[in-house]
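What follows is the residue order along each chain.
Protein chains: 2
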Amino acid sequence: MKIAVAQNNYHIGNFQSNFQKMKIAIERAKANKADLVLFSELSVCGYPPRDFLEFDDFISRCEEVIQKIAALTEGIAVIAGCPARNPRIEGKDLFNSAYFIENKEVKTVVHKALLPTYDVFDEYRYFEPNREFHVVHFQGKKIALTVCEDIWNVGNDNPLYTLCPMDEIIKELPDFIVNISASPFDYNQTENRLRVLRANAERYRLPIFYVNHVGAQTELIFDGGSYVMNAKGKVFDELSYFKEDYREYILEEIIESENTLHHDKMPVLSKIEKIHDALVLGIEDYFRKLDFQKAILGLSGGIDSAVTMALAVKALGKENVMSVLLPSEYSSQHSIDDSVELCKRIGSSYDLISIKETYQAYLETMQPVFTGTEFNIAEENIQARIRGNILMAYSNKFKYILLNTSNKSEAAVGYGTLYGDMCGGLSVLGDVYKTQVYELAAYTNREKEIIPKNIIDKAPSAELRPNQKDSDSLPDYAVLDEVLFQYIEQRQGPKELVKMGFEKTLVDRVLKLVNQNEFKRYQTPPVLRVSPKAFGMGRRMPIVGRYLS
Amino acid sequence: MKIAVAQNNYHIGNFQSNFQKMKIAIERAKANKADLVLFSELSVCGYPPRDFLEFDDFISRCEEVIQKIAALTEGIAVIAGCPARNPRIEGKDLFNSAYFIENKEVKTVVHKALLPTYDVFDEYRYFEPNREFHVVHFQGKKIALTVCEDIWNVGNDNPLYTLCPMDEIIKELPDFIVNISASPFDYNQTENRLRVLRANAERYRLPIFYVNHVGAQTELIFDGGSYVMNAKGKVFDELSYFKEDYREYILEEIIESENTLHHDKMPVLSKIEKIHDALVLGIEDYFRKLDFQKAILGLSGGIDSAVTMALAVKALGKENVMSVLLPSEYSSQHSIDDSVELCKRIGSSYDLISIKETYQAYLETMQPVFTGTEFNIAEENIQARIRGNILMAYSNKFKYILLNTSNKSEAAVGYGTLYGDMCGGLSVLGDVYKTQVYELAAYTNREKEIIPKNIIDKAPSAELRPNQKDSDSLPDYAVLDEVLFQYIEQRQGPKELVKMGFEKTLVDRVLKLVNQNEFKRYQTPPVLRVSPKAFGMGRRMPIVGRYLS
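Chains as they are written, first to last, in the numbering used here: chain A, 9 to 557; chain B, 9 to 557.
A few of these clues could be false.
Where chains are identical, the list cannot tell them apart; a pair therefore holds if satisfied intra-copy or between any two copies.
Cut-off 25 Å, straight-line C-alpha distance, at most; resulting in silico cross-link-like pairs (DMTMM-like, lysine to aspartate or glutamate) [stated by the list, open to error]:
id : residue 1 : residue 2
1  : 302       : 285
2  : 512       : 59
3  : 405       : 365
4  : 179       : 98
5  : 10        : 256
6  : 115       : 183
7  : 150       : 180
8  : 251       : 180
9  : 112       : 359
10 : 541       : 127
It should be emphasised that the hints constitute simulated quantities derived from the structure, not laboratory data.
Start from the sequences, fold in the hints, and give me the full structure.
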């Protein structure tokens with residue numbers, strides 16, 4: 009039996025484009041005499057469709073695509089992901105399903121049983137869980153057809169569900185497992201995925217075809233990396249990361265295989281390489297799927313904007329990235345020089361626009377109101393907001409998307425100006441701690457120095473008042489980032505943090521800053537997610553709470 | 009048996025304040041020789057605690073409060089809402105539970121079975137559903153103790169769940185139902201609630217004590233309105249709306265009661281009165297719970313800012329609401345005059361700050377870049393963003409919270425400037441359509457003309473270019489709002505809308521505007537929710553989608 013694995017980059021709600029990609033794969037598979045083509049979870053509509061699922065019209069369009077796919081399946085079978093209506097009146101109206109289509113007919117529809125509802129996932133918001141488990145019969149073989157999370161309850165210390173779907177399906181003695189997934193990237197995900205697939209292969213002694221989605225959907229980046237694994241838990245093959253791929257396999261060869269075959273050929277990416285490639289794909293897909301070409305950003309002379317620019321250039325091409333230098337009276341000459349040097353090295357355009365006059369105009373306008381008050385955060389923020397206004401003026405005039413350059417450390421503690429440097433259509437580094445931004449800079453410079461050394465070496469500063477340094481207001485980033493990681497990613501509380509050896513006053517101060525600044529993060533751009541816990545849809549906090557704040 | 013119903017305004021994570029309120033009620037009930045005191049769902053920590061629930065420290069603090077409550081229960085019983093740990097390794101780590109505490113001891117903990125996971129609710133994100141159902145024995149009576157949603161699966165056309173907890177509990181022949189709730193307000197909720205309680209009373213022939221939460225938690229407004237209903241489905245009593253309340257009942261009187269007793273005495277609020285009172289509570293609690301006193305807002309001379317101001321004055325007092333008039337060269341004299349008149353009538357402070365000079369400074373600064381281009385949305389938005397910057401400068405200098413004045417119609421179609429008039433800590437009217445804003449204005453003026461007639465009568469305009477009118481860019485609000493309501497609240501698609509009689513070109517245009525402007529709404533302040541479908545946490549849409557856009 010020849011099985012084709014199609015790892016495509018879908019676009020949510022873009023039925024035309026999604027169908028086109030599936031059609032091309034089906035035709036290629038037919039030409040190569042494949043028996044079965046596998047597509048990823050909710051491939052028909054893209055993942056996650058979110059509240060579009062609540063529209064009957066949206067579901068009807070999904071069903072139309074299934075019919076169009078069915079029309080292509082003469083002499084071939086297809087497994088495609090698509091929502092299915094729940095015929096029972098009780099329960100949620102939909103299932104998250106795998107359609108098994110053969111010879112112009114939907115032969116069976118298998119529903120997902122385990123509905124991830126944590127972090128960025130909201131599946132029980134939409135879907136009824138499956139409660140009946142059967143294999144799919146095809147050409148004398150029995151397929152254990154599963155959807156994503158359904159194989160993730162195996163081999164866990166803390167299983168999220170009381171049910172294990174494969175424990176049910178195995179009773180019908182399947183020959184192999186197919187798992188269609190939309191499993192978003194984070195820097196630990198490759199290892200987690202491999203662990204889960206191995207646990208399944210070993211528990212059920214079956215080969216697995218794991219088909220993942222690739223491509224970014226706003227904040228979520230799907231990294232692809234579909235797997236074919238033999239019954240001994242050895243990786244037979246691994247599809248590309250961060251790009252589309254298509255491969256064909258002979259089932260019998262996998263069943264007979266003893267060892268890891270192709271896997272050794274795949275380069276193993278380091279954590280920072282993965283983050284880098286994910287961010288590049290995240291930027292690229294954001295622009296392409298929104299039909300925008302050009303990015304703009306403010307270059308401050310600091311490392312965050314420099315790294316954001318390098319990533320944007322990688323994603324969009326240097327001709328599509330415009331930088332603006334926006335010095336004030338508090339900007340140092342090196343900020344301008346270093347930014348100009350960066351643009352020259354990359355070969356991309358920049359403008360230099362002084363904000364001095366506009367800032368003076370504000371001060372004069374506010375003079376009757378501010379008279380007798382001390383220079384404080386109000387004057388600092390006016391400058392940051394002038395920059396935001398000017399960058400948005402470029403954006404509105406020339407159809408640029410403004411890239412936000414804030415990092416995760418700043419976003420966490422609220423070290424940034426709402427409507428100022430927190431502006432933008434997309435936050436590139438909002439899930440990257442400051443210490444990781446340095447790693448990204450080093451990675452960018454791995455072959456030659458693209459980001460000037462001076463930008464990397466200087467002490468971080470917002471330059472909103474004379475001689476300002478981040479370290480005036482914040483703990484050292486090395487310590488701050490560690491506390492933030494333990495609190496945000498690891499959900500450690502104040503007691504646990506003190507037990508780890510962090511000073512109590514530091515812990516209290518950092519946690520209070522994080523919790524008090526929820527209101528700022530609420531209004532910031534979507535953040536490209538690369539960690540297991542990013543700000544945005546995966547971290548939902550009350551604004552008007554009073555906990556550690 | 010004497011039962012006290014305590015309808016309190018809790019604060020998420022503010023364990024000290026929540027416990028204090030519960031303690032006062034318990035002591036009052038003891039003094040009055042009550043046998044049982046009822047508190048609402050998750051009363052210990054406030055509802056919804058959201059991802060705070062993922063912190064072990066947070067749960068430990070909840071448990072500490074339960075112990076402190078238990079210490080108060082000599083000679084009395086208490087039902088309090090609090091998360092409980094799931095002792096099984098499989099499934100989610102917590103339950104959403106009702107603690108039955110008597111004589112210094114937690115006697116039993118009843119878990120919620122139906123976990124709302126739709127609209128603003130995310131309960132399956134945190135909680136494992138209950139699967140075992142028993143009555144609670146107390147003083148020879150059997151209590152059917154349920155948590156919120158557990159009684160909401162009765163009498164529905166489209167039940168969301170496959171289980172009905174009361175159908176199980178009824179087998180043990182309970183004497184009455186207690187339901188502890190945190191059921192947020194929308195303008196249909198009183199009727200829905202009454203319908204559901206009646207359906208339960210009639211199906212099980214039991215009296216019901218329904219205890220709701222009151223108070224606002226960021227965007228969610230809990231309206232109180234706790235009920236006591238007899239076994240015939242007649243309302244025995246109804247607690248206050250939009251404020252705390254405490255009452256005591258003799259169970260036997262309710263059991264023996266024939267008809268509606270106190271209900272007729274309660275004033276029945278009109279839809280617009282409810283919205284008005286909800287918004288006032290929403291503003292009040294946002295400020296009080298964040299420890300802020302003073303609001304600031306920009307007065308444009310239009311109806312949205314006028315109504316926002318009137319609501320803020322109602323909530324915070326006229327001495328705590330500061331208005332700023334920010335005319336540009338495109339502002340008409342009547343905008344200034346009408347705004348000044350409004351402030352004078354209300355007796356609150358205002359400043360008049362011209363943005364002309366600052367705008368000129370921007371134009372001069374941008375001149376090298378904008379040369380040869382036409383005046384367009386870029387110049388319009390610069391003005392709106394200057395206003396945002398100035399209002400935020402007030403906020404930063406003097407510790408005001410900026411109130412956002414955008415209405416739901418504008419937010420829906422993206423008729424507003426991100427980082428300009430879309431700034432603010434809280435969106436007061438973001439769930440109120442323009443046509444409803446007029447109703448709120450009329451309601452505000454019901455006794456005397458507070459909002460000048462001229463503000464109500466003039467054609468809406470953003471005044472960002474000469475002679476601009478909203479109607480240049482948008483359909484008439486009467487039609488627009490109807491399409492928006494059908495699309496947003498009713499989830500009708502393009503085909504259904506055309507079938508209703510709306511023009512196809514209009515429908516396509518409006519739906520496209522709504523879907524394309526998701527990126528703007530993503531970055532706007534939290535919206536006080538008054539409808540069954542508000543922008544924000546209850547409506548989750550992809551930004552990078554391609555559906556009807």
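Checked hints:
With identical chains, the CA atoms of residue 302 and residue 285 are at most 25 Å apart within one copy only, with a shortest distance of 19 Å there and 47 Å across copies. In the homo-oligomer, the alpha carbons of residue 512 and residue 59 lie at most 25 Å apart only across protomers (23 Å), although the nearest pairing inside one protomer, at 43 Å, exceeds that limit. Both within a single protomer and between protomers do residue 405 and residue 365 lie at most 25 Å apart by alpha-carbon distance, with minima of 21 Å and 21 Å respectively. With identical chains, the CA atoms of residue 179 and residue 98 are at most 25 Å apart between copies only, with a shortest distance of 22 Å across copies and 28 Å within one.
When the C-alpha separation of residue 10 and residue 256 is checked against a cutoff of 25 Å, the pair qualifies only within one copy, where the shortest distance is 7 Å, while the shortest distance between copies is 73 Å. In the homo-oligomer, the alpha carbons of residue 115 and residue 183 lie at most 25 Å apart inside one protomer (19 Å), although the nearest pairing across protomers, at 51 Å, exceeds that limit. For a Cα distance limit of 25 Å, the shortest separation of residue 150 from residue 180 inside one copy, 8 Å, qualifies, whereas the shortest one across copies, 46 Å, does not. Taking the shortest alpha-carbon separations for residue 251 and residue 180, neither the intra-copy value of 36 Å nor the inter-copy value of 59 Å comes in at or below 25 Å.
In the homo-oligomer, the alpha carbons of residue 112 and residue 359 never lie at most 25 Å apart, since the shortest distance is 58 Å inside one protomer and 71 Å across protomers. Taking the shortest alpha-carbon separations for residue 541 and residue 127, both the intra-copy value of 7 Å and the inter-copy value of 23 Å come in at or below 25 Å.
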